[in-house]
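Both chains come to you apart, so use the hints to assemble them.
Listed in order, the protein sequences are those of chains A and B. Residue numbering for the first sequence follows the working numbering, beginning at 1 and increasing consecutively. Residue numbering for the second sequence follows the working numbering, beginning at 1001 and increasing consecutively.
Honestly, the hints are just simulated from the structure, not real lab data. On a predicted model such as this, the values are computed, not experimentally measured, just so you know. Treat the hints with caution; some may be incorrect.
Said to hold, decoys possible - List time: in silico EDC-like cross-link candidates among lysine to aspartate or glutamate, alpha-carbon distance up to 16 Å:
id, chain 1, residue 1, chain 2, residue 2
1, A, K127, B, E1063
2, A, K119, A, D220
3, A, K345, B, E1066
4, A, K285, B, E1063
5, A, K345, B, D1074
6, A, K119, B, D1074
What the hints assert, rightly or not - Distance windows between CB atoms, simulated:
id, chain 1, residue 1, chain 2, residue 2, range
7, A, D26, B, T1078, 52 to 58 Å
8, B, S1092, A, G311, 36 to 42 Å
9, A, G335, B, A1030, 26 to 32 Å
10, A, A145, B, E1063, 42 to 48 Å
11, A, N269, B, K1058, 42 to 48 Å
12, A, A13, B, T1078, 55 to 61 Å
13, A, K394, B, R1018, 47 to 53 Å
14, B, E1064, A, T219, 28 to 34 Å
As the list claims (entries may be wrong) - Covered stretches of chain A, as calculated for chain B (at least 3 residues, CB under 8 Å):
id, region
15, 26 to 38
16, 113 to 124
Positions of the beta carbon are idealized from the N, C-alpha and C atoms, including for glycine.
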Amino acid sequence: MTECAVADAKPLAPVPSHVPADRVVDFDIFNPPGIDDMGVHEAWIKLQQSTPYEVVWTPHNEGHWIAVRGKRVRAMYRDPAHFSSHIIWLPKSEGENYGLVPTRLDPPQHTPFREVLNKAIGITATKAMEPMVRSVAVRIIDALAPQGKCNFTDDYAKQFPVQVFLNLLDLPHEDAAEVKEWIDQMTRPDGSMSMEEVMANVFRYVDPIIEQRLKTPGTDLISIVINNDIDGRPMTRDEMRGLVSLLLVAGLDTVVNVLSFFMEFLARNPGHRRQLVENPALIRKGIEELFRRFPVVAEARMVKEDTECDGVEMKAGDMVCVPTLITGTDDRMNGCPMHVDFNRKGISHVTFGDGPHICAGQHFARLEAIVTLEEWLKRIPEFDIPAGEKISHKSGIVCTVERLPLVWTPRA
Amino acid sequence: MKIIVSVPGDGEVNIDARNGWTVMEAMRDAGLPIIAQCGGGRACATCHIHVDSAFFGKLTPMEEEEHELLESLDSFDTAKSRLSCQILCDDSLDGLTIALQPDSVGD
Ligand code: HEM
Ligand code: FES
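Next comes chain B alone, as it looks inside the complex (with noise of 0.2 Å):
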């Protein structure tokens, strides 16, 4: 499946990912600048997402650790924030469209 992703100061980038890995690994393997410090335990919210409004219904509902950390952050949406590391791509999610956000922007 595709992902676009909006990066922060680099613009719109394409990215291919395979079923069953995580929206996070996909983003880390394509060499994109994300933080992931946690390395997907649900743990650091370094990972935080805002998801285009056509796919956020589409996917798996949240669980409550999630949405505890996600509430802290001070880019949080209600209609739009998600760990990428709790998504699993799949085919119907084809064209999943979502930013990064600065606070999961590392070097």
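Here chain A stands alone, though its shape is the one from the complex (with noise of 0.2 Å):
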């Protein structure tokens, strides 16, 4: 409600002479026209297929581009000569005061940064953690399993990757909360505070451990990132605590929100739901499916030079939306792109971005969404959200699912 008044208030900004005027829509990234009645993924891509044009213009959000085709979005994500990470939220003036390293980098300045995240959370480092990930999904499942009821997103979706990330960092426990509430602030502000004071709070929040950290190293995943060189010189103080706060921002809200699309499709779809509980097998396989269809980040561009594209100039400093809410599901890069077949054949997405910011935690992302399913669905085969219920999306630099209520029968 109030995000909704915040965003209204805001004046749309007047079309630059450059932009013509059959590529302007009406679309507000964080209130996209629709999305009450019909859901987030389905609300972009009505804005898709509203359109002949692959790249439109909005005057919301102080006004930007968005690029409305999957092949178009891959194409600039890995583009960054033309296409800038150097600002990538909207608005551009927010996304001016947010900058954790590297993210906002472009190569080569951006490479040696994600030699070490790649060192922390890549391929390698990822088949080492399922033990303990399997382990805080188990707990919580099986704390569940026996009350017939739960709210999805508060009482799994929030509790497992914060759990899991504060192992990997071997922070408290009781820091969930507190860590969750400016992630929050971050992704979806509701103009309580400005990004510099929730930037502000991350830092006073991370120096501390930093500090800590360097006396006395541990094998924990902040150790291994802040112990590295960056192409033979120590890394700075700041780049320390861009790249922590990296790892939390980009690898809880993401998960949280995905793993509820993810549980809100299996709810309503029971034929899909015993696919999985019948041939448990078919979980890694059908995963990938199942990202491809529900993609949640909507992040930008900024255009680097004066440029052509889709037959339109855009000037340098200009904002591009990048969805890749609009990816996997675009008619023509997957065939009957809203139905899910846990066996498609050459899937084609977006979900994890492209180019060379592309999700250095995507294959932690697969860990999680795999063991989850598998550990649930063990142990919950059977579950529906009550009747009467409405599920409500929200929009946003990440997309959400509001809140999640499911029934089941427990075993007795």
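Below, the structure written as structure tokens:
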């Protein structure tokens, strides 16, 4: 409610002279038309289907372009020379204040930092984490199963990735609520705090931890990340706090919401659910189809120099939204894109971004999703959304499922 | 490390790669026309390469899911085929010689 009020109160940007009139759409990425009736993915696809163009322009959120076709979004992610990561969050004036290393760097400055992230949470590191991740999932689900009901978003999705992360970072579990609060402020600001204040809070939390891990390094993720050189020189304190905060921001809210979208789908589609219950081996393979169908991220790029794109002139400094939300579900990327087929061949999606900044935690995210479905379906194979409950989505830099009540019959 | 890639229609290209990135990512960020349409999710097989016999045996063995995907491809070759998104760059692979397969080349 308040979020809409805040968004509506903001004036629309005037249409700049280089934007052709037929490219202008009335679309607020934080509150897309139709979201309440049809859900967030359908609302974004409606925008895609409403235009013959691959790139449109909206006066909302200070005015920006939006790429509305999956292949165009992928091409922009792969072209940092024209579409810079210098600012990646909309609106631009807020995005300027957000600066976690290395998300706002372009290659080649970005590259050595990414090496550190790959080491910390890449394919190899992820394999070693599976037992810990599984034990967290089992503990939470075992506690929920006898209750016969839960609010999945609060009782599982918000607990699981935070606890996993606090384990990885070797931080106390009591910190969970605080950490979650400022991550929410970052990805779906409710107007009560400016981005600068949010970042100040994050750093106030992170700084003493870094201090301590520099003095007594452990085997935790923070120690691994901060004890690295950047192309032969030591990391600065700013770079350390950036990387550590980034791991928290990037690895929590995304997973919380992806899991909620997956479970909403499985609750509504007993046929699909039973396929996974009867053949648990299908989960590992089928997970990619769910990632394709339920992307959650809508970020941006800044035009680096004047450039032509899809028949329009873009000016240096223009912002372009590159929503992953309309990629795997684009009918030019996948046939019958809104249909979920766990045996789909040749899956095409941009759910984790693409190009040099492609999600550093993608393998870890898959692991968290696979483990959740495996352990949940083993214990709670049949579940429903209670009759009469309306499930609402919110659109933002990370899209969310507001709440997801589920009921089931506990085993005797 | 260096990777020598033969690109269909484009001859041999030498690229620099950093440890810890995947071979697919190294090709993509060097601007080669690799499709890689699932971004490294082992779900699309559009990052298919043939690996020179001098290197094939040095790679980390593939998992079942990778094998299953490769088998369905026309240019599948048991002695050469890999998904480049599953191979991590590492100094022990310096000079890695590969051929990007036509089924994985986009525009
Ligand atoms: C389902 C869950 C996830 C989704 C949908 C997702 C999506 C994304 C996307 C779209 C980007 C690209 C941002 C850009 O190009 O500007 C990204 C970057 C990133 N993600 Fe994820 N992510 C997920 C989970 C995770 C997890 C679990 C971690 C950490 C363990 C993580 C760590 C990162 C990091 C560090 C980056 C920045 C990489 C860079 O700038 O080089 N993500 N993610
Ligand atoms: S990029 Fe899709 S399988 Fe390698």
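Hint check results:
1. At roughly 13 Å between alpha-carbon atoms, A/K127 and B/E1063 fall within 16 Å of each other, so this suggested pair holds.
2. For the hint pairing A/K119 with A/D220, the CA-to-CA distance comes to about 13 Å; that is within 16 Å, so the pair holds.
3. Proposed proximity of A/K345 and B/E1066 is supported: the alpha carbons are some 13 Å apart, at most 16 Å.
4. Between A/K285 and B/E1063 the CA atoms are separated by roughly 13 Å; this keeps the pair inside 16 Å, and the hint holds.
5. Between A/K345 and B/D1074, the direct Cα distance comes to roughly 14 Å. Compliance with the 16 Å bound is thereby established for this hinted pair.
6. For a cut-off of 16 Å, the pair hint linking A/K119 to B/D1074 is broken: about 34 Å separates their Cα positions.
7. Under the hint 52 to 58 Å, the C-beta atoms of A/D26 and B/T1078, about 56 Å apart, fit the expected range.
8. For B/S1092 and A/G311, the hinted distance range of 36 to 42 Å is not satisfied, since their beta carbons lie about 48 Å from each other.
9. The hinted range of 26 to 32 Å is satisfied by A/G335 and B/A1030, whose Cβ atoms lie roughly 31 Å apart.
10. Remark: the range hint 42 to 48 Å for A/A145 to B/E1063 is contradicted by a beta-carbon distance near 31 Å.
11. Evaluation of the 42 to 48 Å hint for A/N269 and B/K1058 yields a pass: the beta carbon distance comes to about 44 Å.
12. The supplied range of 55 to 61 Å is met by A/A13 and B/T1078, whose beta-carbon atoms lie about 58 Å from each other.
13. Take A/K394 and B/R1018: their Cβ atoms lie about 38 Å apart, and the range 47 to 53 Å is violated.
14. Distance hint for B/E1064 and A/T219: a CB-CB separation of about 30 Å, consistent with the stated range 28 to 34 Å.
15. Requiring three or more residues with a Cβ within less than 8 Å of a Cβ of chain B, the coverage given for the region 26 to 38 of chain A is violated, as only 0 such residues are present.
16. Counting residues of the region 113 to 124 of chain A whose CB lies closer than 8 Å to any CB of chain B gives 7, so the stated coverage by that chain holds, three being the minimum.
In summary, the numbered hints that this structure violates are 6, 8, 10, 13, 15.
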